[in-house]
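Novice: Take a look at the letters that make up each chain.
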Amino acid sequence: MDSLQTDVRHALRALRRAPAFAFTAIAAIGLGLGANTAVFTAVHAFLLRALPFPDPERLVFVYQVNPARGIERDVTSIPNFEDWRRESRSFTAMAGVDTRRMALAGGREPEPQALTVATVSASYFDLLGVAPDLGRGFRAGEDAGEHPETIVISDALWRSRFGGDPGVVGRTVRLDERAATVVGVAPPGFAWPDGAEAWVPLTASPQDREQRGALFLPVIARLRPGVTLEAAQADMRRVGDELARRYPRPNEGWTADVQPAHGELVRDYRAALLVLMGAVALILLIACANVANLLLVRAAARARELSTRSALGASRLRLVRQLLTESLVLALAGGALGLGLGLAGLEALRTLSPVPLPAWVELRPDASVLAFCAGLTALTTLAFGLFPALFASRAPLGSGTRVAGDPARRAQRGFVVAQVGLAFALLACAGLLLRSFERLSATSPGFEATGAVAARMRLPDTRYTRERRIQYADEALARLRALPGVRAAAAVHTVPLSGIYNDTALRLADEPEPPADQRKVAGLDSVSPGYFEAMGIPLLRGRGFDDRDGRDERLVAVISETMARRFWGDRDPLGRRFVVGGDREVEVVGIAGDVRHLGVAAPARPHFYVPFPARPVFNLSFVVRAAGDPSALQPALRDALRALDVELPVPSWAPLERLVSQDRALPRFSATLLASFAALATGLAALGLFAVLAWGVERRRTELGVRLAIGAAPADLRKLVVREGVGLALLGLAPGLALAVAVSGLLRPLLFGVAPVEPATLAAVALVLLAVAGFAAWLPARRAAALDPAAALRAE
Amino acid sequence: MSEQHALITLEGLTKVFYTDEVETHALSGIHLRIEKGEYVAISGPSGCGKSTLLSILGLLDSPTAGTYILNSNPVQSLDLSQRARIRNREIGFIFQSFNLIGDLTVFENVELPLTYRGMAASERKARCGEALEKVGMAHRAKHLPSQLSGGQQQRVAVARALVGKPSVLLADEPTGNLDSKNGEAVMDLLHELHRGGATIVMVTHDPRFARHADRTIHMFDGRVVDESEIASLSA
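Chain order of the listed sequences is A and B. All residue numbers for the first sequence refer to my numbering, where the first residue is 28 and numbers rise by one. All residue numbers for the second sequence refer to my numbering, where the first residue is 14 and numbers rise by one.
The following block holds chain A by itself, in its conformation from the complex (with noise of 0.2 Å):
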């Protein structure tokens, strides 16, 4: 212990006395180890820490899957998962799970508050094992009714609405116009399914109970102790197959599944967190390399003090751990730089995350995050700090270990070379994000964002009858028509990129119905006349709608031109028809500009829209186009449709730019985190390239002098070691393109419109590298070249 605390002091005090190199190795050592500590709190928020319920590995999602048409997850119908809940063995209970926007009414505020509102089987909370702060969750029950009768708020609408009054249960609100009593307070932080702030019983008309086609209703599950996710997925499968055994039409060629509830939460950031990791990983192996670099160099330096060690007895076994002590000490103090960096960049992340993170993630460093950080300070210290030492401590004053070459600089260089590798990975895989960036913002929607604006609507069921639905819209419409400014207004029931989308099966009309497996698939909205001009939807052909469609027994629709082109081929479609909801006949009358509703990076479906009056839902959008700038309209947009209906909530306007960008937000996130994080391993590499030179230049002062003495010019020892760098840089390549190439294919989850290996990115990468090289090599070849013969060989 004492030779150890001697150690430790003189380590601390030979720091002290190389502030350039400690500051250097520290900074490298704090920015590997901030960016994993940042990157591993993600990952371990996202992929390892459990959900935070009480045994959540039980908690499944249950979904209806159709392996003929390679639909892997899909929702189920209120009678398929009452089917579902009864027929199966494997779990203690089974709950559906929809959101909506619905109106609250209640509460301090005298306006009606639009909500996220979910709509849940009564054995919900149970199911999570989740318990109110006030009052209760849901009865048996009280989820048989047609309309919802209790509600369960959550902590922050309890503070925000109801001032926290401790009284809000057993208080009576309005509910989309209807009597709800608010039975309970949920815990604060819970919010689930995300972004719920309140939670009512999943009721249903007797006609929504019959329709087992209508697919909306994620399920999820807990399975019975000891019930493995094997035998819930056999269980299902047996429940689903009879049940399309009994109910051929809709169920033909549907299943069900079973899959785990985390697993399939993390599912959309498994990948991109992933090839963070794998960046920054990379980042802290460079970070090594370098301060290995570093170390060999100082070992260099150091070769007398450590001879005179060795000399006086120190055993080999003692200098290492001597250096070894010193590692540490670097390790600790770059540890605990990172770190602070790492939270840091955790805030960072926090604030600039373009989406809201889900409920469920924390992203706080805990023990787990502390433990990584102090494990990998360990294994950094080892990792750069072992092989100097063993190095270094290998020979002796007064060896006669003369052996040709140099190992300390062939180690050097090995490691230049592999940061150079490391890093031209790691760019490679940004510059590939960047172009599937650059790519996916050059792709249209397939309407136009700039200078629209939607709001989204719910009009509730009390007092909307279809025609009163139909009559709002038209009365919505003229006015927001009527206003200065605005160039054209439309309604439609989803807006695209709100990840909100209606498909339905089809047959055409001069074809027979075809088998389950082959039925044709479209989406479908329903939108008022003059929506194609508002969305900036081109009308390829046809006609768009007018106030006379979908107000008689004649459906007609404008399709979009994927659908005409997979539907109907070489054939024109303009006048044919198509059946949808078995029987009813729908005549084409204009060809749309694919639109990509889902978002921007999946490929066009094929898509119908018919007019809105044909199929007036009760969830509806306003999209409005302006003259000029959309945002000057909104007051009087907010005050036409509050004129309109006073009982309704606000509906805030916003940019249709405002969807298109989140759409992108985390492709362009990803890709400038991998960016940066490319950057600053570039940054290191090239550091660690110039470090080497740095040193060579000084270790061959006397040759260099020699060669300025018989002639050679101050530019001709610039290009001496600039060669030499942009040479190590070359060598860095070879093994870079293939740990590229290697690693490539774990991106391709996140490109779009580009391949993994992709020749000119790759190219331009080398480029960049080699000038980064050229310009790290530039200083040392500066001093070199201003290198004094005289006094080089006098030092001789």
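A few of these clues could be false.
What the hints assert, rightly or not - Below, simulated EDC-like cross-link-like pairs (lysine to aspartate or glutamate); rule was C-alpha separation at most 20 Å, straight line:
(1) B:K138 - A:D34
(2) A:K547 - A:D599
(3) B:K194 - B:E205
(4) A:K746 - A:E730
(5) B:K155 - A:D34
(6) A:K746 - A:D815
By construction, these hints were calculated from the structure, which means they are not laboratory data.
With chain A held as given, fit chain B onto it using these hints.
Specialist: For chain B alone, coordinates are given in the frame of chain A:
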């Protein structure tokens, strides 16, 4: 003197360095006996092998062939850790360029061999104080080497060499980096230590300093030669 009293015995000691394609015989068949308490100077022209011989005597290097007996124990083929242990306990080094560790104070430099020995702090402190007193540097114990003159640094190096009470002090051109006044002072110090019973082996090419020794061994081309042989070889 009888065989059992010899502190150091070398028999047929050979050292060959191998580089890419060149074989260099640094030492060729050295036979040498150094008695306990003897003060031996090794002299010879540059490149004659005297520093290589000193490195082997100090167990910093191992011979290619031959026998090296130190304190009655053959040490020519010990492993690295055994050699380190013997260096620490039996041998004290004094280098031409002092080789004090710049980050450590005078006291810590002197203390270093005892630290490697695992000695208790209180005993280390007493021994270091004694060694520094002996070389007249106790008042500079807290200074860093850079704050000392060359002569003072070499006195600290001598203190560090003798603090472990080694069997033999090996000095490699101990006055090589000193002016004549400081050089004489260090030689006086070594002489003093010798009179106190220390065994000293000193490499020097300066005949003035070699005269301080009881005996001078002359080397030429890796061999031990006598004075007459030197004259004929040099002719």
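Novice: Determine for every hint whether it applies to the structure shown.
Specialist: Hints, verified against the model:
no.	hint	in the structure
1	B:K138 - A:D34	holds (17 Å)
2	A:K547 - A:D599	holds (18 Å)
3	B:K194 - B:E205	holds (17 Å)
4	A:K746 - A:E730	holds (15 Å)
5	B:K155 - A:D34	holds (18 Å)
6	A:K746 - A:D815	holds (17 Å)
Comparing the model with each earlier hint shows no violations; every hint is respected.
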